[in-house]
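Once you have looked at the hints, place chain V on chain Y.
If you want the building blocks of each chain, they are given just below.
Protein chains: 2
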Amino acid sequence: MKKPLILVTNDDSIVAPGIRFLISVMKEIGEVIVVAPDSPQSAMGHAITINNTLHIDKVNLDNEIEHEYSCSGTPVDCVKMAVHEILKRKPDLCVSGVNHGSNSSINVIYSGTMSAAVEAGIEGIPAIGFSHLDYGWSTDFEPIRDYVKEITMAVLQNGLPDGVVLNVNFPKTDEKSIQGIKICRQAKATWVEKFDKRTNPQGKEYFWLTGEFVNQDKGEDTDEWALKNSYVSVVPVQFDLTAHHAIQKLNSWDL
Amino acid sequence: MKKPLILVTNDDSIVAPGIRFLISVMKEIGEVIVVAPDSPQSAMGHAITINNTLHIDKVNLDNEIEHEYSCSGTPVDCVKMAVHEILKRKPDLCVSGVNHGSNSSINVIYSGTMSAAVEAGIEGIPAIGFSHLDYGWSTDFEPIRDYVKEITMAVLQNGLPDGVVLNVNFPKTDEKSIQGIKICRQAKATWVEKFDKRTNPQGKEYFWLTGEFVNQDKGEDTDEWALKNSYVSVVPVQFDLTAHHAIQKLNSWDL
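Chains as they are written, first to last, in our numbering: chain Y, 1 to 255; chain V, 1 to 255.
Okay, chain Y solo, but in the shape it has when bound (with noise of 0.2 Å):
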């Protein structure tokens, strides 16, 4: 079998230890390229940059990669520029994270790291969203090494369904008390924002968004559940956002 080519992307920088290791659980896989960005761009949802422009530089921080650019854009800009501007030929998976924090439940929509493997799905190609619940930089990846690999090469041999992305979440545990992998759907639940409202030394006011994070779903068979279980969480991810069982109620109002 011909070495799979892996687009590995991320959101906390090309830099950030999560990549870092993603990276080098790729290489025991396939070809890996990396285009990844050049600054932290969390919480950056889908975002794309239209009013500004963009710059690439190749860089090389691993010397067994050939191909290594990092991207001033956000991670939904690097998936594009990797497909459209620098790759040959189509990736036969794209790879993002590992992220530092959980992109569980509702997380999945502010994500950059999901929205890159989401924009690689639009694109037609296989993609994966790998993210820890430990934010930390000095996380101890290797617990996870396995399952990275294990669920990176069943995408490579199954594929995966026409506009379905996978989102994976790691428990905060050690490898000894991670209980397995379970298939979940997407926690209900939502952040509670708390603005922190300070005064600037030239007397206006300001804030930081915090918040607190309310999972009003009790369901078992969800990411919450899954990860406070000490499982790894997979949720198949669509981008066709139309809420199709609210059609036949949208007609019954005779707009």
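Careful, some of the hints might be misleading.
Straight-line alpha carbon distances no greater than 30 Å define the calculated DSS-like cross-link-like pairs of lysine-lysine that follow [what the hints assert, rightly or not]: (1) V/K249 / Y/K3; (2) V/K3 / Y/K90; (3) V/K204 / Y/K204; (4) Y/K249 / V/K149; (5) V/K204 / Y/K58; (6) Y/K90 / V/K188; (7) V/K197 / Y/K204; (8) V/K3 / Y/K194; (9) V/K197 / Y/K197; (10) V/K88 / V/K58.
What the hints contain is simulated information worked out from the structure, not anything from laboratory work.
Leaving out everything else, chain V in the frame of chain Y:
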């Protein structure tokens, strides 16, 4: 009936003609509060500001509105700020737009306008994003006034299913030739990117993101079909991104 409290926002900035028009329609329906970006935030998707400070300024662009604020953040920041910092009670409705340009099909995922509506939906507020295919700032919005009003009144009267917001797009046409309103699904379409490569005065390469919109979907139940045939398209949009249909298949992988 007590006047409904309506939060108005957008992504083209608080001075854009589209939001000023939308405000003028909402004043006919309820009590209006405006919290909108102080600068253009197109294509920001569901980005939020977590690594920078946020500012709000009370402005007075419309003498008939008591509470009008410009915000330094993204459209999603504006909704969070409105709900958790500015408003004393949860609004009865959030409307976003009218966007200068299409948010039909896959554009929904890049759109700041729609992300603001989705964020309101996550907060449990009925929400509608309005967009006009004509992206010029000199667009005449009057021909769509009655449609905006009709759809808004229908949502206020009927409510929306849990977890659903509306993505409304208007065709490029005048009132006489609008054929009516169609409830649709999101067409399967993508942008084929073409990066415009240039050289800066220092001799370094840079890029502008451009692209061509390609609709691969021949369905006559899609938003693209409706708009092409001069209908107003209404797509119910959900923020549970789980591809529920894929769960069984993934379980068969025996991970």
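Q. Taking only the CA atoms, is the gap from V/K197 to Y/K197 under or equal to 30 Å?
A. violated (43 Å)
(Q) Given the hinted pair V/K88 and V/K58, is their Cα-Cα distance within 30 Å? (A) The hint holds at about 16 Å.
Q) Is Y/K90 close enough to V/K188, meaning Cα to Cα at most 30 Å? A) holds (20 Å)
Q. Taking only the CA atoms, is the gap from V/K204 to Y/K58 under or equal to 30 Å?
A. holds (13 Å)
Q: Would you check the hint for V/K204 and Y/K204, treating anything up to 30 Å between C-alpha atoms as holding?
A: violated (40 Å)
Q. Is the hinted pair Y/K249 and V/K149 satisfied, with a Cα-Cα distance of at most 30 Å?
A. Between Y/K249 and V/K149 the Cα gap is close to 19 Å, so the pair holds against 30 Å.
**Q.** Proposed proximity, Y/K90 with V/K3 (alpha carbon, max 30 Å)
**A.** Distance ~54 Å between V/K3 and Y/K90 Cα, so the pair is violated.
Q: Below or equal to 30 Å on CA atoms is what counts here, so check V/K249 against Y/K3.
A: holds (25 Å)
Q. Is it true that the CA of V/K197 sits at most 30 Å from the CA of Y/K204?
A. Measuring from Cα to Cα gives roughly 42 Å; hence the hint is violated.
(Q) Run the distance test for V/K3 versus Y/K194: straight-line Cα separation, threshold 30 Å. (A) Distance of about 28 Å is within 30 Å: holds.
Of the hints listed earlier, those the structure fails to meet are numbers 2, 3, 7, 9, in rising order.
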